[in-house]
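**Q** Build out the structure end to end from the sequences listed, making use of the hints.
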Amino acid sequence: MSMQSQDIIRRSATSSLTPPPQVRDHKLEVAKLIDVSICIGCKGCQVACSEWNDLRDEVGHNHGIYDNPVDLTAKSWTVMRFAEHQSEGGRLQWLIRKDGCMHCADPGCLKACPSPGAIIQYANGVVDFQSEQCIGCGYCVTGCPFNVPRINKEDNKAYKCTLCSDRLAVGQEPSCVKTCPTGAIQFGTKEDMKLVAEDRVKDLKARGYPNAGLYDPQGVGGTHVMYVLHHADQPELYNGLPKDPSISPLVGLWKGVAKPLATLALAGVALGSLFHYVTKGPNEVSKEIEDEIEAEDKEEAK
Amino acid sequence: MDNKEKAAAGIKINRRQFFKISAAGLGASSIAVVGVMPTAARAEVRQYKLFRATETRNNCTYCSVGCGILIYSLGDGAKNAKKKIFHIEGDPDHPVSRGSLCPKGAGILDFVHSSQRLKYPEVREAGSNEWKRISWNEALDRIARLMKDDRDANFIEKNEKGQLVNRWATTGFLGSSAASNETGILDVKFARALGMVHLENQARLCHGPSVAGLAPSFGRGAMTNNWVDIKNANVILVMGGNPAEAHPVGFKWAVEAKIRNNAYMMVVDPRFNRTAAVSDFYSPIRAGADTAFLLGVANYLLSQDKIQHEYVKANTNAPLIVREDYVFENGLFSGYDAEKRSYDRSSWAYELGADGYALRDETLQHPRCVFNLLKKHVERYTPEMVSNICGTPKADFLHVCEKLASTCVPDKTTSILYALGWTQHVGGSQMIRASAIVQLLLGNIGMPGGGINALRGHSNVQGFTDLGVLTTMLPGYLTLPNDNQESLKTYLEQRTPKTLADKQINYWKNTSKFMVSFLKGMWGDKATADNEWGYHWLPKWDRSYDVMAFVEQMNKGKANGYIIQGFNVIAAAASSGKVRSGLAKLKYLVVIDPLQTETSSFWQNHGEFNDVNPAEIQTTVFRLPSSCFAEENGSIANSARWLQWHWAAQTPPHEAWHDGKFLGSLLMKLRDLYAKEGGICPEPLMNVDWHYHDPKDPHPEEVAKQLNGYALADLFDDKGNPVAKKGELLSSFAHLRDDGTTSSLCWIYTGQWTQAGNMMARRDNTDTGLGNTPGWGFAWPANRRLLYNRASADPSGKPWDPNRKFLHWDGVKWGGADVPDFPPTIAPGSGVSPFIMLQDGVGHLFSLGAMTDGPFPEHYEPEESPIPANPLHSGSGKSPVARIFKDDKESFGSRNEFPYVATSYSITEMFRHWTKHAHLNAVVQPEQFVEISEKLAASKGIKAGDLIKVSSKRGHIRGKAVVTKRVMTLQVAGQEVEQVGIPVHWGFEGTTRKGFLANILSPRVGDANTHTPEYKAFLVNIEKA
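Protein sequence lines, in the order shown, are assigned to chains W and B.
Numbering of the first sequence is given in this note's numbering, commencing with residue 409 and proceeding in unit increments.
Numbering of the second sequence is given in this note's numbering, commencing with residue 18 and proceeding in unit increments.
No wet-lab data here; the hints were simulated from the structure.
Keep in mind that the hints are not guaranteed to be accurate.
Cross-link-like lysine to aspartate or glutamate pairs, in silico, DMTMM-like; alpha carbons within 20 Å at most [what the hints assert, rightly or not]: (1) K565(W) <-> E61(B); (2) K952(B) <-> E496(W); (3) K610(W) <-> E273(B); (4) K742(B) <-> D542(B); (5) K604(B) <-> E142(B); (6) K952(B) <-> E492(W); (7) K483(W) <-> E944(B); (8) K982(B) <-> E492(W); (9) K435(W) <-> E61(B); (10) K66(B) <-> D462(W); (11) K952(B) <-> D963(B); (12) K613(W) <-> D297(B); (13) K175(B) <-> E549(B); (14) K982(B) <-> D462(W); (15) K530(B) <-> D734(B); (16) K323(B) <-> E379(B); (17) K982(B) <-> E496(W); (18) K604(B) <-> E147(B); (19) K960(B) <-> D475(W); (20) K1011(B) <-> E466(W); (21) K610(W) <-> D542(B); (22) K966(B) <-> D628(B).
A few chain W residues that don't get close to chain B, going by computed Cβ distances all over 10 Å [as the list claims (entries may be wrong)]: (23) E437; (24) K602; (25) A640.
Predicted model, so just to flag it, every value in this text is computed and none were measured.
Even glycine gets a Cβ: it sits at the ideal position worked out from N, Cα and C.
**A** So, in structure tokens, the structure goes:
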């Protein structure tokens, strides 16, 4: 059974001429707040996620670390990443971060996706994959600044956290949030979660973490999964959480292509790029272009 | 690219990305742009999978937090639909778990549906290499025959002294601390009626020392406070436990204390664990040195005068004067008999006045008052000494002391959380005693946000302890009579404690009421005044038949049969190799379990993991499928003594049976055999009260009511007011009688199912104050949620802390947030002290003769110690009374051969040897590993992920190396000590990768009080495998 949910604010590979039905846009913007400072890395969220979503990943191996599975897979939509951190003269810290889809306000996966409607964004902020539409090209993987989606080899489709959109749809919180033993994962409106985060940051500052802060990176328009970090100035400490994530500029470039009026012109640009690549090799896109695209993206997001 | 690289690479785009983005994608979506693609703009979320599923309330079966769970089954209840569980999540109404589940609980669906669930009865014939399917009827016929033959041949009616003992010691019975209380009490009735003395459950191997350490200190051997109450603490000391990993959902309330109560959390542990990860302060300690640390804290508090004086004077035995012949010297207390390796404890007592009461000095000046003896005893534990023994940096130790000391004021409390890191030591009971001393000095017992919180293990290990499924125990902390207690009268004289201080309650003075009511529950109408209420049908003990002892007995060929219900003993007992060789000497082994366990397949060759030759093993093994928690109604008791009722969400799969059906059916077979053939001492098994609606399959509800107890005649109180009519369920243990007019199988459970209904099934989670929820389930005793709560107020009745007003005196009676743990109408200032279960009414800094190894704790080196001598004593410096069998002496390793301290433990993702059968848990911790320090790894050329071999004198295991900063090299007694961390969760059965039973490594040396083995400090060597 399929139905029009009419609250899709964005849809992959869809131009403004064929927008998704989106009149039901009066929705609360939701967010999941992950307070790394009280996360015990128990993996309750990992297990609850798989249980709810009927996923059973392979039984792997120990790799000399606690992380297991060692990376996200098509059947493990969230994993705990463990990092031992000891600053000079400081006491040891075990920084444990729950990794998974950040549900970006400006989702790189969605922008990169060439298959119409395979990736959608709901009015509440959830970025969801519509597997039937997925063509398994893997662009979402490359388009994601957090390296989250994974292609399943068995059906050649991309998978990731849905923020339990099925539970949200009936008014429940995501499975990982419900199960979290210490309350390190909370869920609510994005506005409320920011307030919760403020209190937590205040507490952490009082406990000797002057750089504590909220991770809600603006390079992707903010996220619907946010972190409270003790070292918000160094997110990389948490197993390489990117400091200033942004959508790869070529994804932005590609998105421009989708605009019908620019199609031809941009196809030319793309071809030109290809020509450039073939003749001159890979190139870095200049900062100016990147900023331009970003500005355009932000404009559109409004 | 991983995230790290990606972050560094910034906007660089590789060749693959470039092509993908600019070429192929353009094609696909350009088609859409021009409207060729026929997709409608449709989208949907996944269908919500729980609509109209049957929702059943239950409790997680793993740990003692007792989280509430909601089980969803296929079908809406229609008769034609067979319920099958397809989803389980947390119960948001549950006051402790509030919807949370840890990875074990969150994956519990995969235990229920494990591919290793047993489907039908099987037998492995002697010497055979395979399982053979048999019917239940055949299995029961054969088992009954084997049992009867062994019982008739080896039952001892009279011992060599001619005392009537009615004991059957050659077949043992292990109950399961994950089974319900209704199963547990049937275990007791079944096993004791047959005369069994080796009746045990997992409590022996885990929290035995909690009872042994807490009961002599405060009166009851249980967690003093409760899970939610931890949120009221100002300081939390986690030591000898790792709740973030072993009790994650209960740990919620420690985190809550941090966040909402600005609490300061400290962790002292051999390794930086996941509790440490969210604590404010972590300090390392050498495994097995905790008593030294805690006595060091006591010394700090006393020498710095950081004690709560008023509390100590009013609520502890500090002022009481000890006998003159009590002595402590060079690690030995007075009364030691080196030959017997035991103490005569008569000098560990108060000096009594003519009135029979202890002498006292309220000024605390008398040199032999407990206060001064304690001061003297602990003064050796200076910060330097503590650091030297424990390897804890002195500054760290002092920091912990200072933080604890900050709660010696009336309006601040410390909550201590511990678990197996204290209990599973050769001196485990005394570690807990040491913490009791600290908390009494700080005035933190009976206080909300204070206490010593024993975080128990299995979901119902509290219940199985309460029910006395332990060799020398009976339900309700009564003891099984011993050979010398030749009459009920003698038993009661010896077991009823004398009151040692004026005006005190000494509630155990009612022992006769509890015992006679138990006997009435046990034997029903057959128990009469004339036959001493069936007292002689109980077996009597001549020695402890605990797990260690039975393993010894099996190895000596002196045991023939073993009935094991939900207890993977080869994995759980110390020295798995010796358990295996013992099982191989049995004639028959009966395992009833939901799962294929290593115990039932001990005879099977699994290569290096279990290298045996089945042909050489002549044990006949029966493997019988049992139901699991999700398939039964019944109650379990969590760590906070909450009895919670749960309901079945599906029927047992395939041919699995409820445990009660197995016990009932087997007993009926035995009765048939005895009726037909006669046999030795049939009276107890014929007379045990088994009048259930179907004796072959008792219902949990009828058993629970019997456990609660009935009025067997119309009862009136001493003023002549009616209390209960004949046949009614009792509402309080205060109504029990010793004249045969009441029955109660477990007096502390009286009140669990009254005329008003099943109190355990109550679900009112109203907070009556400070997080207390007395309307949820039922807590023994008498629904009290915070033990010793009278001590939350001073003698005049004023709360020590106005913000922690928990009880109040309204002029007539005590009331408040909790049921008072005190006679409700005894007014403040009456001189009655709050510890009503103790003979003197006060908390015990000095534990009198209640412990076998000393009235004060003392640090002894583990039997396998990494240092040559105990810095405190000359001589061995080891416990003079630890449980060691002669035959095991050769199995201890030396520090030269095995230089590293090994410590075994659980990790968050796994529950003992159980979750390895659950796929979801196998995914998140698939393979055996061992944790070592960076320094040790470097010295051995070991890198993270290498396979390493860990050997003790008793065998070896292999596992992947986790090389970590979290295991630190320590300085102990002038030398470097390395510790090796050994998680225990793998084995040769399960869904995880095959592994070794970690207890292959552990030694057979037991705590002197409880015979709980040492699992946490022994010696090993390691090498790259």
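**Q** If a hint holds in the structure, say so; if it does not, say that too.
**A** Okay, the hints, checked on the actual structure:
no.	hint	result
1	K565(W) <-> E61(B)	holds (17 Å)
2	K952(B) <-> E496(W)	holds (18 Å)
3	K610(W) <-> E273(B)	holds (16 Å)
4	K742(B) <-> D542(B)	holds (18 Å)
5	K604(B) <-> E142(B)	holds (10 Å)
6	K952(B) <-> E492(W)	holds (15 Å)
7	K483(W) <-> E944(B)	holds (19 Å)
8	K982(B) <-> E492(W)	holds (7 Å)
9	K435(W) <-> E61(B)	holds (16 Å)
10	K66(B) <-> D462(W)	holds (10 Å)
11	K952(B) <-> D963(B)	holds (15 Å)
12	K613(W) <-> D297(B)	holds (13 Å)
13	K175(B) <-> E549(B)	holds (18 Å)
14	K982(B) <-> D462(W)	violated (36 Å)
15	K530(B) <-> D734(B)	holds (14 Å)
16	K323(B) <-> E379(B)	holds (19 Å)
17	K982(B) <-> E496(W)	holds (14 Å)
18	K604(B) <-> E147(B)	holds (17 Å)
19	K960(B) <-> D475(W)	holds (16 Å)
20	K1011(B) <-> E466(W)	holds (15 Å)
21	K610(W) <-> D542(B)	violated (68 Å)
22	K966(B) <-> D628(B)	holds (16 Å)
23	E437	holds (17 Å)
24	K602	holds (17 Å)
25	A640	holds (15 Å)
When held up to the earlier numbered hints, the structure conflicts with 14 and 21 and fits the remainder.
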